[in-house]
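When you get a sec, could you build the whole thing from the sequences and use the hints?
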Amino acid sequence: KTELELVDSSLTTKILTEEERAKATEANLQLQISTGNAGIKYFETEAQVLAFTPSTTDPKQAYAFDTKKNYLWNGSIWKDEGVNQLELAKTFYRDNKDTIDITATTEK
Numbered sequence: 001k002t003e004l005e006l007v008d009s010s011l012t013t014k015i016l017t018e019e020e021r022a023k024a025t026e027a028n029l030q031l032q033i034s035t036g037n038a039g040i041k042y043f044e045t046e047a048q049v050l051a052f053t054p055s056t057t058d059p060k061q062a063y064a065f066d067t068k069k070n071y072l073w074n075g076s077i078w079k080d081e082g083v084n085q086l087e088l089a090k091t092f093y094r095d096n097k098d099t100i101d102i103t104a105t106t107e108k
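Going by the working numbering, 53 is the number at position 53 of the sequence shown; the sequence numbering is gapless.
Read the hints as simulated data drawn from the structure, not as lab findings. What you are looking at is a predicted structure, and each value in this text was computed from that prediction instead of being measured. Backbone N, C-alpha and C fix where the C-beta goes; we use that ideal spot for every residue, glycine too. A few of these clues could be false.
What the hints assert, rightly or not - Derived DEER-like restraints, expressed as beta-carbon distance ranges:
1) Pro-54 / Ala-27: 53 to 61 Å
2) Ala-104 / Phe-52: 40 to 48 Å
3) Lys-90 / Gly-39: 24 to 32 Å
Right, here's the structure in full:
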């Protein structure tokens, strides 16, 4: 090979190596973005949550909009939190409504 062909071959190899590195970096960033929602995966329904088996890179916490519950993956099944946050708030209010001043403010 001529010197020019060797230089061209070397540059092509470096470009291909850099291209592969860039693709790997982009894939890593995409993974970070997809799992960056505080480690929560969102679903429209509980059925979708229960049908989903997370991979090693997926979040191990899920949220279903229909039930308004969080779910934790225990390694083999999704376990829901029990009562959703709205129901907890309603129960708290019912249990404490006589002692809660809803007109109180923390602003000064």
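| request: Given the range 40 to 48 Å, decide if the beta-carbon distance of Ala-104 to Phe-52 lies inside it. | output: holds (43 Å)
| query | Is the distance from the Cβ of Lys-90 to the Cβ of Gly-39 consistent with 24 to 32 Å? | reply | holds (27 Å)
| request: Confirm or reject the claim that Pro-54 and Ala-27 have a C-beta distance inside 53 to 61 Å. | output: violated (18 Å)
Hint compliance for this structure: hint 1 alone is broken.
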